[in-house]
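Peer 1: Below are the chains, spelled out letter by letter.
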Amino acid sequence: MNKKRLNFFPRFLLHFVIIVVSVVWITPSLGLFISSFRTRDMVISSGWWAVFGRVFDFSQFTLDNYTQVITASGMGRAFINSLMITIPSTIITVVVAAFAAYAFARMEFPGRQILFVLVVGLLVVPIQMTLIPILRIYNTLGLAGTFHGIWLAHAGYGLPLGIFLLRNFFSALPRDIFESAFLDGASYHTAFFRLALPLSVPVLASLVIFQFLWVWNDLLVALIYLGGTEQVAPVTLRLSSLVNSMGQNWHLLTAAAFVSMILPLIVFFSLQRYFVRGILAGSVKG
Amino acid sequence: MNKEKILKKKVDMWPWAYLAPALLILGFFLVYPIINTIYLSLLDAKSEIFVGLSNYIFAFTRKPMLIAFRNNLLWLVFFTLFTVSLGLIFAVIFDRVRYESVVKSIIFLPMAISFVGAGVIWKFVYSYRPAGVAQIGVLNAILSNFKNFEPVGWLVNKGTNNFALIFVGIWIWVGFCMVILSASYKGIPKELIEASRVDGANEMQVFWRIIIPMMKPTIAVVATTMIINVLKVFDIVYVMTNGQFDTEVIANRMYKEMFQFHNFGRASAIAVILLLVIIPMMIVNVRRFRRQERS
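One line per chain: the protein sequences are A and B, in this order.
Letter 152 of the first sequence, counting from 1, is numbered 167 in this note's numbering, and no numbers are missing.
Letter 137 of the second sequence, counting from 1, is numbered 1610 in this note's numbering, and no numbers are missing.
Don't read these hints as lab results, they were simulated from the structure.
Don't take every hint at face value.
As the list claims (entries may be wrong) - Covered stretches of chain A (chain B as the covering partner; in silico rule of three or more C-beta atoms under 8 Å from a C-beta of chain B):
1. 91 to 97
2. 266 to 276
What the hints assert, rightly or not - Sample of chain B residues lacking proximity to chain A, with all beta carbon distances greater than 10 Å (derived):
3. Asp1485
4. Pro1537
5. Phe1567
6. Arg1569
7. Ile1586
8. Ser1587
9. Leu1616
10. Phe1619
11. Val1629
12. Lys1631
13. Ile1653
14. Arg1682
15. Gly1716
16. Gln1717
17. Asp1719
18. Ile1751
Glycine included, C-beta positions come from ideal geometry on N, C-alpha and C.
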């Protein structure tokens, strides 16, 4: 209805505004992407938009920047490290959160209400409040600079949201299916593994994506608990030190940045639906 | 029903078994450190001597800290205002075109990118070179088409740098706001909007008198989330300027006190201040959650 009501001019204006906004939003990333395939001399002598003048001249593009950042600049190693950090962190968080969320949603125990309110409160605690005490303990235990240490730390920081998200989902599942399962003699464990978990695959997927992106993109936690050593540094940490050491070598910096973003971008484009669902469920609704 | 009760009695300890890993991790990584950091904030740099509130006095009187507070305030106002309002406007206008999902993906895309990656992207956009040489940063290149062009050092110039950084934050987070607000907007009954149009309301009136009031609760949620985010802003500043040229923010200052100056008392005090400013948001969240549970 409303589309018909608008006459030509506002309609044209609407499209114009939307296209301008889209161009503004996409241009910075596009510039990075294009520059990462240009040679050093090209990047220095002209803006990346110059490629549009001769799009079909493929000789102006090169993969050398990537070869160099992946090998010499250590982005390849960092990529592996990021995987080594992100995958276990994500699994630990989601598994631990699922058990706790189920207890909060479907089991009776004293202090249930107050403990859950505590979890909701912990959702917003700044990580900065925890850095010094934990780093000290890590230094004593020899966990600083190790993957084990950072897996647990990420689990700690990811749990409040994980528990919150899953608990809300579990408690919204219809009561009847649990009651009839119990009448058929199912234990709490059977109900958890055979009913609650299979029914929550979409929300579990959202949580996995959330936690994966959060850990992959994290800088602060890695900076504090892993330090700058190249053996363990993830892509974010490596990239941020390249920003300092490479200065104006934009052909390399852009390639390094793209290496750090490729996996999140793939996850994002292929699983955007779940990501959006997670965001919608994660915001405390009004 | 009876059987369920009996079952519950028998498995009394099981809830705790399910909760134990989570409670241990939360206790170790969040609850204990919070208490410990509050205590450390009352001790000296090496956490040996009790110094009362002097770390807090430092935080509220020294110039670098005051600049950080001012900048966090700038972030708080402009970041929150623009992420929420642009998110709302995008949600409403994109709803009217057929290629909605495409433009939404474009706006939402930066959410997948790390702040460090975004930092590199925008440092490149903002890069500047002396006048007379080809500008390779998009922003200066656009400006160079105008007369009397002087290249602007966006991240160095004290009049522009904080806003240049804040815009990077907006670029990342608008998509998040848009997604939530768009879901809420689509939840408004279309008959309601149609009816008010039939009654002679123009688009502006529909927006201010129907859409905004209907979406108020969601707008509040999004704004709270943005405020919590912006108070903790760290990565963007750390990567792009590291607080130089008066762009310092509280979280980056805390990192410096901790790692560069090894002053754990001051670093802890700064962290506590950060927590204190976030606590009102925490209360809002808990209250909202309780209300939601009751209904």
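Peer 1: So, for every hint listed, does it hold in this structure?
Peer 2: Results of checking the hints against the structure:
Given a C-beta distance limit of less than 8 Å, the hint that chain B covers the stretch 91 to 97 of chain A is violated, as 0 residues qualify and 3 are needed. Check result for the stretch 266 to 276 of chain A against chain B: holds, 6 residues qualifying (beta carbon to beta carbon below 8 Å, three or more required). A beta-carbon of chain A comes within 10 Å of the beta-carbon of B/Asp1485; the shortest separation is about 8 Å. Here B/Pro1537 stays apart from chain A, with its beta-carbon at least about 17 Å from theirs, past the 10 Å limit.
Here B/Phe1567 does not stay apart from chain A, with its beta-carbon only about 7 Å from theirs, under the 10 Å limit. For B/Arg1569, the non-interface assignment is contradicted: its Cβ lies about 6 Å from the closest Cβ of chain A, within the 10 Å cut-off. With a least beta-carbon separation of about 5 Å from chain A, B/Ile1586 fails to lie farther than 10 Å from that chain, contradicting its non-interface assignment. A cut-off of 10 Å between C-beta atoms contradicts the statement that B/Ser1587 is not in contact with chain A; the least separation is 3 Å.
Listed as a non-interface residue, B/Leu1616 keeps its Cβ farther than 10 Å from every Cβ of chain A; the least gap is roughly 12 Å. At roughly 16 Å from the closest C-beta of chain A, the C-beta of B/Phe1619 stays outside 10 Å, upholding its exclusion from the interface. No Cβ of chain A comes within 10 Å of the Cβ of B/Val1629; the nearest lies about 14 Å off, and the non-interface call holds. Every beta carbon of chain A lies more than 10 Å from that of B/Lys1631, the smallest distance being close to 21 Å; the non-interface claim holds.
The non-interface label for B/Ile1653 is inconsistent with chain A: the shortest C-beta to C-beta separation is roughly 5 Å, within 10 Å. No Cβ of chain A approaches the Cβ of B/Arg1682 within 10 Å, the least distance being about 16 Å, so the stated non-interface status holds. Every CB of chain A is more than 10 Å from the CB of B/Gly1716 (nearest about 14 Å), matching its label as outside the interface. Every C-beta of chain A lies more than 10 Å from that of B/Gln1717, the closest at about 12 Å, which supports listing it as non-interface.
With a least CB separation of 20 Å from chain A, B/Asp1719 remains clear of the 10 Å interface cut-off, as annotated. At the 10 Å boundary, the C-beta of B/Ile1751 falls inside the reach of chain A, the nearest C-beta of that chain being 6 Å off.
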